[in-house]
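A.B. asks: Sequence:
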Amino acid sequence: MENALSPSPAGEIAGRVTSLYVYPIKSCRGISLSQASITPTGFSWDRNWLIVNSKGRGLTQRVEPKLSLIEVEMPKHAFAQDWEPHKNSNMVVRAPGMDELKVSLAKPEKIADGVSVWEWFGSTLDEGEEASQWFTDFVGKLCRLVPFDSASETRPVDPNYAPGHFAMFSDMYPFLLISQGSLDALNELLKEPVPINRFRPKYVSSWLMDVNHLLNEDLWTEILIDNFTFHSVKLCSHCKVPTINQDTGIGGEEPIETLRSFRSDKVLQPQKKPQEKIYFGQNMVWKDGFGDRITKTIEIGDSVLVLGKLSSPSEAAT
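Residue numbers (UniProt numbering): 1 to 318.
Since the hints were derived computationally from the structure, they do not count as laboratory data. Worth double-checking, as some hints may not be accurate.
Stated by the list, open to error - Once the Cα atoms are required to be at most 30 Å apart in a straight line, the calculated DSSO-like pairs of lysine-lysine come out as:
1. 273 - 296
2. 107 - 309
3. 110 - 141
Stated by the list, open to error - Cβ pair distances, simulated, as ranges:
4. 195 - 114: 13 to 23 Å
5. 247 - 267: 41 to 51 Å
6. 270 - 300: 31 to 41 Å
7. 123 - 312: 39 to 49 Å
8. 262 - 180: 12 to 22 Å
9. 226 - 315: 35 to 45 Å
10. 252 - 140: 14 to 24 Å
11. 130 - 184: 41 to 51 Å
12. 273 - 221: 23 to 33 Å
13. 77 - 261: 29 to 39 Å
14. 312 - 274: 15 to 25 Å
For each residue, glycine too, the CB sits at the ideal point set by N, CA and C.
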């Protein structure tokens, strides 16, 4: 059987990659892919752009849930290995009631100083007045669209968990892993099942994997996908975003209320002082460099091998 899982000396095969997502503009809709080019800061084009307010502070669905209605389209070959934009390459942005916006993928000349997202402060590039007006009109307050300037800036992740690793505009870490088995188990507890897009896997950059047991990813410390090694950093804590319907921009209480009953820090690690956090999925970083490798992509169907595991979920970093 061509797609059957078989034992391997490299480790325990937990499943295969079943979905891949990138989110070019932070907090806007994601793009489902058949393959994704991998970089140390996440998948190519993931969280490359940020919408900021008049003070340069990054906007997210936590404050502006209608950002979930913004669709992003990249050029047809943008996610192919080693693809580089040409002078006519554009990102196309659409939203209800708005004309489409074309954003050139050529490097902008304008600089935006004083930009912040979470703990990071720095300078970015600026996509200019047309993009600013489009997002201002849709959001209803002064906005600008700013791409990360990787030529002059870096954004380290928390050195207490993953020293030497970096991200762009993702919340905390370059990759987020959630298993289909965990989502299925959660949905069995809900009156109305939720799709995976509520958790925005690669909530940071992400892939979705099919495994056989609920929340097995809590235990994984190291995995191998197509010879790329990823290290687990910490369980991913979630705010209100999973309660926002990504098709309507309307929020509710689920699935956070149900998750609170069995995925809060109080339940997972009762020996520690509770921080009122809810966990679902595993943040990860990519460990190796490319070296002499030719392939730089992960594809749907790639095997997921577990190279290291904890003995119980209470040992997982939070």
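A.B. asks: Please name the hints from earlier in the document that this structure breaks, with their numbers sorted from lowest to highest.
C.D. replies: Of the numbered hints, 1, 2, 4, 5, 9 and 13 do not hold.
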